[in-house]
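Participant: One line per chain: the protein sequences are P and S, in this order.
Just so we're aligned, residue 77 is where the first sequence starts under my numbering, counting upward by one.
Just so we're aligned, residue 9 is where the second sequence starts under my numbering, counting upward by one.
Just to be clear, a hint being listed does not mean it is correct.
[Stated by the list, open to error] Below, in silico cross-link-like pairs of lysine-lysine (DSS-like), each with a Cα-Cα straight-line distance of 27 Å or less: (1) S:K552 with S:K566; (2) S:K249 with S:K173; (3) S:K226 with S:K44; (4) S:K659 with P:K247; (5) S:K600 with S:K563; (6) P:K149 with S:K44.
[As the list claims (entries may be wrong)] Facing chain P, from chain S, some residues (calculated, C-beta under 10 Å): (7) S62; (8) L220; (9) S438; (10) K659; (11) A696; (12) P701; (13) I712.
[What the hints assert, rightly or not] Quick look at which bits of chain S chain P covers, simulated, 3 or more residues with Cβ under 8 Å: (14) 34 to 41; (15) 348 to 362.
Simulated from the structure, these hints should not be mistaken for laboratory data.
Every residue, glycine too, gets a C-beta built ideally from N, C-alpha and C.
Listed below, chain by chain, are the residues.
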Amino acid sequence: MSPVTQVPAERPPVALAPTQPITLHINGQDHFLTIAPWTTLLDALREYLALTGTKQGCDHGQCGACTVLVDGKRINSCLSLAVMQEGADIQTIEGLGTEENLHPLQQAFIDHDAFQCGYCTPGQICSAQGLINEGKAKTEDEVRELMSGNICRCGAYSNILTAIMEVLGNKEDGAEVSNAPMPKQEWSAGAARAEMGPVEPAK
Amino acid sequence: MSQTIATPPSIHLDTDYIGKPTSRVDGPAKVAGTAKYAAEFNVPNLLYGYVVSSPIAKGKITRIDAAPVLALPGVRQVFSHENVPHLAFLDRSYKDDVAPGGSPFRPLHDAEIKFSQQPVALVVADTFELARYAASILHIEYEEAAHETELARHIDDAYEPGRGKTGYKPPKSRGNFGRGWEQGVAHMEARYSHHAQHHNPMENFATTVEWLGDKKLKIYDKTQGAFNSQQYLTKIFGLSKDQARVISKYTGGGFGSGLRPQYQLFLAVMAALELERSVRVSLTRQQMFSFGHRPETLQHVAMATNPDGSLAGINHFAVAETSQFEDFTENVVGWSGMLYDCKNVKLGYRLAKLDVFTPLDMRAPGAASGSIALEIAMDEMAYAAGLDPLEFRLRNYSDFDQAEKLPYSSKNLRACYHEGAAKFGWERRSPEPGSMRDDNLLVGWGMGGGIWDASKQPAQVLASLDADGHLTVSSGTNEIGTGTYTIMTQIAAESMGLPLEAVTFILGDTTLPESPLQGGSWTAASVGTAVQEACTALGEELLKQAKKMDHPAFKDAKIDDVQFANGQLRLRSDATQAVVLRDLVQASGEPKIEAKNSKLPGLIGMVKPPKYSMHAHNAVFVEVKVDPDLMTVHVTRVVNAVAAGRIINPKTARSQVLGSVVWGISSALMEESVMDHRFGRFMNHSLAEYHVPVNADIHDIDVIFVHEEDAAVNPLGIKGLGEVGLLGVAAAVANAIYHATGKRVRDLPITIDKLL
Ligand code: FES
Ligand code: FES
Numbered sequence: 077m078s079p080v081t082q083v084p085a086e087r088p089p090v091a092l093a094p095t096q097p098i099t100l101h102i103n104g105q106d107h108f109l110t111i112a113p114w115t116t117l118l119d120a121l122r123e124y125l126a127l128t129g130t131k132q133g134c135d136h137g138q139c140g141a142c143t144v145l146v147d148g149k150r151i152n153s154c155l156s157l158a159v160m161q162e163g164a165d166i167q168t169i170e171g172l173g174t175e176e177n178l179h180p181l182q183q184a185f186i187d188h189d190a191f192q193c194g195y196c197t198p199g200q201i202c203s204a205q206g207l208i209n210e211g212k213a214k215t216e217d218e219v220r221e222l223m224s225g226n227i228c229r230c231g232a233y234s235n236i237l238t239a240i241m242e243v244l245g246n247k248e249d250g251a252e253v254s255n256a257p258m259p260k261q262e263w264s265a266g267a268a269r270a271e272m273g274p275v276e277p278a279k
Numbered sequence: 009m010s011q012t013i014a015t016p017p018s019i020h021l022d023t024d025y026i027g028k029p030t031s032r033v034d035g036p037a038k039v040a041g042t043a044k045y046a047a048e049f050n051v052p053n054l055l056y057g058y059v060v061s062s063p064i065a066k067g068k069i070t071r072i073d074a075a076p077v078l079a080l081p082g083v084r085q086v087f088s089h090e091n092v093p094h095l096a097f098l099d100r101s102y103k104d105d106v107a108p109g110g111s112p113f114r115p116l117h118d119a120e121i122k123f124s125q126q127p128v129a130l131v132v133a134d135t136f137e138l139a140r141y142a143a144s145i146l147h148i149e150y151e152e153a154a155h156e157t158e159l160a161r162h163i164d165d166a167y168e169p170g171r172g173k174t175g176y177k178p179p180k181s182r183g184n185f186g187r188g189w190e191q192g193v194a195h196m197e198a199r200y201s202h203h204a205q206h207h208n209p210m211e212n213f214a215t216t217v218e219w220l221g222d223k224k225l226k227i228y229d230k231t232q233g234a235f236n237s238q239q240y241l242t243k244i245f246g247l248s249k250d251q252a253r254v255i256s257k258y259t260g261g262g263f264g265s266g267l268r269p270q271y272q273l274f275l276a277v278m279a280a281l282e283l284e285r286s287v288r289v290s291l292t293r294q295q296m297f298s299f300g301h302r303p304e305t306l307q308h309v310a311m312a313t314n315p316d317g318s319l320a321g322i323n324h325f326a327v328a329e330t331s332q333f334e335d336f337t338e339n340v341v342g343w344s345g346m347l348y349d350c351k352n353v354k355l356g357y358r359l360a361k362l363d364v365f366t367p368l369d370m371r372a373p374g375a376a377s378g379s380i381a382l383e384i385a386m387d388e389m390a391y392a393a394g395l396d397p398l399e400f401r402l403r404n405y406s407d408f409d410q411a412e413k414l415p416y417s418s419k420n421l422r423a424c425y426h427e428g429a430a431k432f433g434w435e436r437r438s439p440e441p442g443s444m445r446d447d448n449l450l451v452g453w454g455m456g457g458g459i460w461d462a463s464k465q466p467a468q469v470l471a472s473l474d475a476d477g478h479l480t481v482s483s484g485t486n487e488i489g490t491g492t493y494t495i496m497t498q499i500a501a502e503s504m505g506l507p508l509e510a511v512t513f514i515l516g517d518t519t520l521p522e523s524p525l526q527g528g529s530w531t532a533a534s535v536g537t538a539v540q541e542a543c544t545a546l547g548e549e550l551l552k553q554a555k556k557m558d559h560p561a562f563k564d565a566k567i568d569d570v571q572f573a574n575g576q577l578r579l580r581s582d583a584t585q586a587v588v589l590r591d592l593v594q595a596s597g598e599p600k601i602e603a604k605n606s607k608l609p610g611l612i613g614m615v616k617p618p619k620y621s622m623h624a625h626n627a628v629f630v631e632v633k634v635d636p637d638l639m640t641v642h643v644t645r646v647v648n649a650v651a652a653g654r655i656i657n658p659k660t661a662r663s664q665v666l667g668s669v670v671w672g673i674s675s676a677l678m679e680e681s682v683m684d685h686r687f688g689r690f691m692n693h694s695l696a697e698y699h700v701p702v703n704a705d706i707h708d709i710d711v712i713f714v715h716e717e718d719a720a721v722n723p724l725g726i727k728g729l730g731e732v733g734l735l736g737v738a739a740a741v742a743n744a745i746y747h748a749t750g751k752r753v754r755d756l757p758i759t760i761d762k763l764l
């Protein structure tokens, strides 16, 4: 028998983080909340704003389930603190489309059965929108590669690829997309700001 | 008067949804993010619990200093074995529906540590962040004892499990393997191994308990069986069923991990009852490696063939890990006595106790492991006998279940071989290892296959038609991504001749009629049949109502004389004689007309001695390309041909098999929980280091469902698809790698270091 200690015994510092008021601009709306600086954007969305469409699969930037768009770029919201995102345009799955008014990617995911349990799906769709915004991936191999930050344990990858390729193809063909959920802008811009063009993927 | 044209009974209706590739009815909710999973019910006044996990694998807790943590404003309680309330005493109170033999783990029961990452405390606070911080500073002292986690060192003390999971049967040998071996002209003998694997569904385990006052709880749990969670809670906490209502509408992946209640359920309910508050406990991804897993298994296979290529003997032996406190058993070797025709079969299966958590069913439990050894061995045997691996399997095709001594109710594995091989182009394979190339890449083609039980459990379903003509069908089963919502809606809609939009299937709630656990590939068959029966019963109620309404056409009509179509009840012999279903309900004066399936047929069916052996089969063909310098492996093409009876929904069924192929590739090339035996701990407990395929790893996958009709399995002819598609995939990848490189790797996953 040998002793093992979990956390040193001396009284740990009381490190309670004071809360502060912030405004988050999400899906075109301002949300006011009082929040501690240690709260991630992911937890702010899920626990404080009831925007549970964004999922948590690891909390460590390893799975992509928490992907949202910030100023049109896809990020892992578990790796960002909520207080860092004041003034940014945040778009979550709830802002891409609704059950009644689906975004073309959402429709393509249903048409091609690009999910099973559905838990990785909002992250996959936000990531796909981010990929479209980046404007880099054109071929199947490129899409596979640039969608590889989003794990799907159900293994829906080939259908995810088909769904994204279809939407990319329609975009290339300049096809009309009638069911745009955000009427003021082309859906494929994906960003909350209409004037924003394609962006480079975040390094 | 115009002539009435009778509708022949066989006429095709638009509402014949069975067999049609229907998009998921829960699709919009899932893509829009409105489908709610267990941790997403933001009930008012919620407290958050955070689990503290043991850093040691064995020993005991000697001291917990909770005072500094409790002094933090906002921390409500620190639960540990020191203050856990008095609960049920007997082991059997802690047994869930699928608990194997032994003594189930009781969270926070005493100071003893039985496995690394054992939950030792629950810190409850006002916010998640505070609970997490407080948990991170909880001071705990342990006395560490020597642990044993290395299976290879315990082969000699492995024992034959007498007890195990319900339904576990020790494998049966037959004939005389020794004689077969001696008579054989070609031989193979080898050892195979794979490491522990963790299910890692994308959604971490979580439970949200809503405190409704007076010990009444609404429990949102991540599970594959709401009723299993409920009965576990009622026994341990002495709650009534009404007090412990369990809800699970969506499950973010299960793969077996949700078959047994996980400890966050216990902890969340305990905290809610003690604090009389709503509580949520979510596990972290790291903690997802702290409970059941596919057991590490070591296998030994020997085979011999006669001059004509028929099998002279098969010997398959496996040793698997289990915990110190439960005997987790699975059928690893039994399949080797069924899949191929062979008189002399010797099978053995043993367990070794280690200081780990009890293993747990994981997609195709037992069969996935067994088929790795059996199907690589078949490849080795084919080479030793100088036969093409497909030809070798065809020469040993079995039309009769020699293990159970029963004919198969149906078995179209032959079509899987032929259609799969044709699609893949197998006849263009040159047998020599290293003989096929694509530019500088080595190309390898390998195959495998498997067999899985087609089973059925009793299930109850309620079908209810309201005055607007909307049909609601309900049963407390689960949706783990398998398409349950969709196929049950299809079956109900077709049964009642209604469009899909007029049908809602409700599941995942213990207030609904009881359904079995979502597992074993039996949900479609069990609940699907019950849905059909409930709809038939509802049809009879509706016909009764039609008779009450003095409708002359239905006066003497029997249920077989009528048909449900276009939202009407009509005579088969004369479709113009019809009454609108909605009108029947309205005329009844009741808000709805409803009926349940009777439980009886299922139960009677279970006690009758079986007349047939009922199984699904598959054959899988794999192409790999290997870089000869770097030995990186890419699985470029897979054809998986499946014989699983009737396919209710080819779209969702295909996805099941696609997912299985991804799992097979994962288990062949990537997945392993790496145990550091110095610490008795899985070291790669994160998604960065526990490797599973990502999109770039997955290329062309073709799924074929061969035609298979089977009236004996169940009236719908369903065999189930959750497991069978996975079988043989990992072995086929390993065989393809051998074909590409000449290197036979028998220890999975086949990582680059094993090929260099
Ligand atoms: S939860 Fe953010 S990457 Fe996994
Ligand atoms: S759909 Fe289940 S993890 Fe992707």
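Participant: In ascending order, which of the hints set out earlier in this document are inconsistent with the structure?
Facilitator: 8, 9, 13 and 15
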